[in-house]
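Take these sequences, add in the hints, and give me the full structure.
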Amino acid sequence: MENTQALKREIKQLMVENLMLQTTAEEIGDEQVLFGPSGLGLDSVDALQLVVALEKKYGLKIPSPEVAREVLRSVCSIAEAVAKHCGGATARSEPAPQAT
Numbered sequence: 001m002e003n004t005q006a007l008k009r010e011i012k013q014l015m016v017e018n019l020m021l022q023t024t025a026e027e028i029g030d031e032q033v034l035f036g037p038s039g040l041g042l043d044s045v046d047a048l049q050l051v052v053a054l055e056k057k058y059g060l061k062i063p064s065p066e067v068a069r070e071v072l073r074s075v076c077s078i079a080e081a082v083a084k085h086c087g088g089a090t091a092r093s094e095p096a097p098q099a100t
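For what it's worth, the numbering used here labels the leading residue of the sequence shown as 1, then goes sequentially.
Be careful, since some hints might not be right.
Unchecked claim - The calculated lysine-lysine pairs, modelled on DSSO-like cross-linking and capped at a C-alpha distance of 27 Å, are:
1. Lys56 to Lys84
2. Lys61 to Lys84
3. Lys57 to Lys84
Please keep in mind that the hints were generated in silico from the structure rather than gathered at the bench.
Have a look at this one:
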C-alpha cells in the first residue's frame, strides 16, 4: 500500500514539473478528474506532455487516444496503469526476494 501512495506522489510531482501547473502536488487529489473545466483543467497539449513524461519515467506506452482517456482520467488511474506495466511494483522499488 505504501508503494501505491509513493507512486501517486511521484506522479503528482511529475505532473507539476512537466506541465508547469499553478498548483502543488499536495493540492492534486488522487481521484480528481484531470481534464476539463470540472477537473484540474488539463488540455490536449498537457495530455501529450504527460504521455511523453510517463513513457520516459516508467516506460509506459499509451497506444491510442481511447486508452489515453482511460489511463489519464486521474492520478489513481495513472498509478494503476504504471503499476500494472511495471508488474505491480513501482519503478524505484526493490526487486522481490528470490525464493530458495
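- Task: Run the structure past the numbered hints and jot down the numbers of the failing ones, going up.
- Result: Of the numbered hints given earlier, the structure breaks none, since each of them holds.
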